[in-house]
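**Q** Here's the letter readout for the chains.
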Amino acid sequence: MDKDRKFKSVLQYFVLAAGSVVMLVPFLWMILTAFKTASEATQMNPFIIFPSVWRKDAFLSVMSKMNFLRLYYNTLVLIIERVVCAVLTATMAGYAFGRLHFKGKNLAFSLVLFQMMVPSQIFIIPQYLMVGRLGLLNTSFGLLFPGLVTAFGTFLLRQAYMGLPASLEEAARLDGCNIGQAFLYVMAPLTKSSMVALGIFTALFAFKELMWPLVVNTEQNTMPLSAALAKLQGQFVTNYPELMAASLLACIPMVIIYLIFQKQFIEGIATSGGKL
Amino acid sequence: MNREKTVSRREKSEFLWGWLFLLPTMTGLIILNIIPIFQTIYQSFFKTGAFGKGNVFIGLGNYSKLLQDGTVWQALWNTFKYALVEVPFSIAIALVLAVILNGKIKGRSIWRTIYFLPMVAAPAAVAMVWRWLYNSEFGLINHLLNRIGLSSVNWISDPGIAYISVAIVGIWSVIGYNMVLFFAGLQEIPRDYYEAAEIDGAGGVKQFFYITLPLISPTMFFVTVTRVIGAMQVFDSIYMMMEKSNPALVKTQSLVYLFYKYSFVEGNKGYGSAIVMLLLLVILLITVIQLLCQKKWVNYN
Numbered sequence: 001m002d003k004d005r006k007f008k009s010v011l012q013y014f015v016l017a018a019g020s021v022v023m024l025v026p027f028l029w030m031i032l033t034a035f036k037t038a039s040e041a042t043q044m045n046p047f048i049i050f051p052s053v054w055r056k057d058a059f060l061s062v063m064s065k066m067n068f069l070r071l072y073y074n075t076l077v078l079i080i081e082r083v084v085c086a087v088l089t090a091t092m093a094g095y096a097f098g099r100l101h102f103k104g105k106n107l108a109f110s111l112v113l114f115q116m117m118v119p120s121q122i123f124i125i126p127q128y129l130m131v132g133r134l135g136l137l138n139t140s141f142g143l144l145f146p147g148l149v150t151a152f153g154t155f156l157l158r159q160a161y162m163g164l165p166a167s168l169e170e171a172a173r174l175d176g177c178n179i180g181q182a183f184l185y186v187m188a189p190l191t192k193s194s195m196v197a198l199g200i201f202t203a204l205f206a207f208k209e210l211m212w213p214l215v216v217n218t219e220q221n222t223m224p225l226s227a228a229l230a231k232l233q234g235q236f237v238t239n240y241p242e243l244m245a246a247s248l249l250a251c252i253p254m255v256i257i258y259l260i261f262q263k264q265f266i267e268g269i270a271t272s273g274g275k276l
Numbered sequence: 001m002n003r004e005k006t007v008s009r010r011e012k013s014e015f016l017w018g019w020l021f022l023l024p025t026m027t028g029l030i031i032l033n034i035i036p037i038f039q040t041i042y043q044s045f046f047k048t049g050a051f052g053k054g055n056v057f058i059g060l061g062n063y064s065k066l067l068q069d070g071t072v073w074q075a076l077w078n079t080f081k082y083a084l085v086e087v088p089f090s091i092a093i094a095l096v097l098a099v100i101l102n103g104k105i106k107g108r109s110i111w112r113t114i115y116f117l118p119m120v121a122a123p124a125a126v127a128m129v130w131r132w133l134y135n136s137e138f139g140l141i142n143h144l145l146n147r148i149g150l151s152s153v154n155w156i157s158d159p160g161i162a163y164i165s166v167a168i169v170g171i172w173s174v175i176g177y178n179m180v181l182f183f184a185g186l187q188e189i190p191r192d193y194y195e196a197a198e199i200d201g202a203g204g205v206k207q208f209f210y211i212t213l214p215l216i217s218p219t220m221f222f223v224t225v226t227r228v229i230g231a232m233q234v235f236d237s238i239y240m241m242m243e244k245s246n247p248a249l250v251k252t253q254s255l256v257y258l259f260y261k262y263s264f265v266e267g268n269k270g271y272g273s274a275i276v277m278l279l280l281l282v283i284l285l286i287t288v289i290q291l292l293c294q295k296k297w298v299n300y301n
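Protein sequences, first through last, are from chains A and B.
Every letter in the first sequence is one number past the one before it in this note's numbering, and letter 212, counting from 1, is 212.
Every letter in the second sequence is one number past the one before it in this note's numbering, and letter 287, counting from 1, is 287.
Chain A with its partners taken away, still in its complex shape (with noise of 0.2 Å):
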């Protein structure tokens, strides 16, 4: 028996370590080589493993071609952007939604869930072309555009609203406060963790979208990260350190604020689960 137990704990770390070199032989993959020349990286006699010296000449190679600066500043503000309303608009309606009672909510509610149950491709055309006719294409508003509002958000902020207790909201009526106030002081303040898992999704989102910057910023200096990327790849397909190390500049950022924030990115995650 004790036997057992000890070689089913063996296995176990054994199935997560083996899991584990999976899923960072990418990461290191993509480190070593953008350290490499071209040569090196394409050698295959020896196969070399580790770079002989650790360049950095596909870093300022990839660097003169893109302005990672301006990337990074494009998709640092498509996020906030992205977050603050998401985070606005999402928990006011949330709060509509789960706490009061008034003609048309569940009217509007279905819109909500129908929303949520169409694949967003079926947007984009119309979208682009509304953005077009405002003349904003190649603008920071074009790639916020479709995250003004956020159905899947509101549906997470109205779960959270319901589960709150109806005293807290009886006390504060009891007390003076007009809805309003309510809201504002008693109840919002309540969501937060559910505030903070919508603005993690959003942004996690946010970041790793890539066909609405495709479409919709097409000049190099609006783009965020992953339309440049895309767009580098079409130029230099054979260039590997370079493509490797504009992916590592790439994913740095947010893998760091990840390894930070890690407990808060998991529980968001857990909480929102949703649609990604």
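Calculated from the structure, these hints are not laboratory results.
Check the hints yourself; a few may be wrong.
[Said to hold, decoys possible] In the DSS-like style, the derived pairs of lysine-lysine whose C-alpha atoms are separated by at most 30 Å in a straight line are:
#  : chain 1 : residue 1 : chain 2 : residue 2
1  : B       : 251       : A       : 3
2  : A       : 65        : B       : 12
3  : B       : 251       : B       : 47
4  : B       : 244       : A       : 103
5  : A       : 65        : A       : 231
6  : A       : 192       : B       : 12
7  : A       : 6         : B       : 104
8  : B       : 104       : B       : 81
9  : B       : 12        : A       : 6
10 : B       : 244       : A       : 231
11 : B       : 206       : A       : 6
12 : B       : 296       : B       : 47
13 : A       : 65        : B       : 244
14 : B       : 47        : A       : 105
15 : A       : 103       : A       : 3
16 : A       : 3         : B       : 104
17 : B       : 81        : A       : 231
18 : B       : 106       : A       : 263
19 : B       : 206       : B       : 296
20 : A       : 8         : B       : 106
21 : B       : 106       : A       : 3
22 : B       : 295       : B       : 65
23 : B       : 47        : B       : 206
24 : B       : 261       : B       : 251
25 : B       : 261       : A       : 231
26 : B       : 81        : B       : 295
27 : B       : 47        : B       : 65
28 : A       : 105       : A       : 3
29 : A       : 263       : B       : 295
30 : B       : 251       : B       : 65
31 : A       : 231       : B       : 47
32 : B       : 251       : A       : 231
33 : A       : 8         : B       : 206
34 : A       : 8         : B       : 104
Predicted model, so just to flag it, every value in this text is computed and none were measured.
Let chain A serve as the given structure and place chain B on it in line with the hints.
**A** Chain B alone, transformed into the frame defined by chain A:
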């Protein structure tokens, strides 16, 4: 009388505040999502020339073209094949990992951090590094295969294999996400269930099938539904990994890839709209079937 007045005043105030709070979201939703759905349907009845010129009404022309278009049906089949690989494997592997992590394991948060890492990487970067790993001449994977005496594989240019290679990237990317959701579900199963099973002499495998699986079925259902919808919309990895000249592209491109190609590369937004309507129909059908089947295996007690 007085009381009625307060009630109706309160009703009125809830009505006003309610719609005030809903105003931004509902305005946005209607402009950004509801109207576009109708516009896409409308657009699908038109033939659009390049650069958005020449919007010609052709009735059901796009749909009859679509029905006869072999590449569209192939793309639908490709999308199914992709989903049939990605969804079961990403769920099964993630569930095993979550069960292990839910047991007595040291360094739980470190393992979790590692498995979740691909979730925070840009898909474009992920696709590029995998393309490099898959490279038939210089790639790490073929090198390792050769080392152990196997021959090289054309991972992304062999039409019979490329969809699996793309699905592997999908699995790798999403395992951590599924795992986190399963882990959260597992944490809600009371420990005493397992202790009771242990006393009754039920081993680990039995416990998994008689306790874990039934109790985690609601999470499983949620993950399956969302993963199937996600897999049916696969685009990023195919767009990034498959070049236009790739001989395997026809056997790998997904419906969304075709939608993007027709709508934004070739400028035929009418046909692109018809394709996305097909996607909508397929996703709705699959989701409805899953909802109907849910009674058979999902346990909500």
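**Q** Against this structure, judge whether each hint is valid.
**A** Checked hints:
1. 251/B x 3/A: 50 Å, violated
2. 65/A x 12/B: 60 Å, violated
3. 251/B x 47/B: Roughly 26 Å separates the two Cα atoms, so the pair holds.
4. 244/B x 103/A: With a Cα-Cα distance of about 53 Å, the restraint between residue 244/B and residue 103/A is violated, given a limit of 30 Å.
5. 65/A x 231/A: With Cα atoms ~11 Å apart, residue 65/A and residue 231/A stay inside 30 Å; holds.
6. 192/A x 12/B: Holds, at roughly 29 Å.
7. 6/A x 104/B: Roughly 12 Å separates the two Cα atoms, so the pair holds.
8. 104/B x 81/B: With Cα atoms ~37 Å apart, residue 104/B and residue 81/B exceed 30 Å; violated.
9. 12/B x 6/A: Given that 30 Å is the threshold and the Cα spacing comes to 67 Å, the pair is violated.
10. 244/B x 231/A: Answer holds: residue 244/B to residue 231/A is near 14 Å, not above 30 Å.
11. 206/B x 6/A: Given that 30 Å is the threshold and the Cα spacing comes to 19 Å, the pair holds.
12. 296/B x 47/B: Not OK: residue 296/B and residue 47/B at ~45 Å, beyond 30 Å, violated.
13. 65/A x 244/B: 24 Å, holds
14. 47/B x 105/A: Roughly 39 Å between the alpha carbons, so the hint for residue 47/B and residue 105/A is violated.
15. 103/A x 3/A: 66 Å, violated
16. 3/A x 104/B: 16 Å, holds
17. 81/B x 231/A: 28 Å, holds
18. 106/B x 263/A: 17 Å, holds
19. 206/B x 296/B: 21 Å, holds
20. 8/A x 106/B: 14 Å, holds
21. 106/B x 3/A: 19 Å, holds
22. 295/B x 65/B: Violated - the C-alpha atoms of residue 65/B and residue 295/B are around 38 Å apart, more than 30 Å.
23. 47/B x 206/B: 59 Å, violated
24. 261/B x 251/B: Holds. Residue 261/B to residue 251/B sits at ~15 Å (cutoff 30 Å).
25. 261/B x 231/A: 15 Å, holds
26. 81/B x 295/B: 26 Å, holds
27. 47/B x 65/B: 11 Å, holds
28. 105/A x 3/A: Status violated; Cα separation ~61 Å.
29. 263/A x 295/B: 35 Å, violated
30. 251/B x 65/B: This hinted pair holds, its Cα atoms lying about 20 Å apart.
31. 231/A x 47/B: 29 Å, holds
32. 251/B x 231/A: Given pair residue 251/B, residue 231/A holds - Cα atoms ~24 Å apart, limit 30 Å.
33. 8/A x 206/B: OK: residue 8/A and residue 206/B at ~15 Å, within 30 Å.
34. 8/A x 104/B: 11 Å, holds
Going down the numbered hints, you'll see the structure goes against 1, 2, 4, 8, 9, 12, 14, 15, 22, 23, 28, 29, while the others check out.
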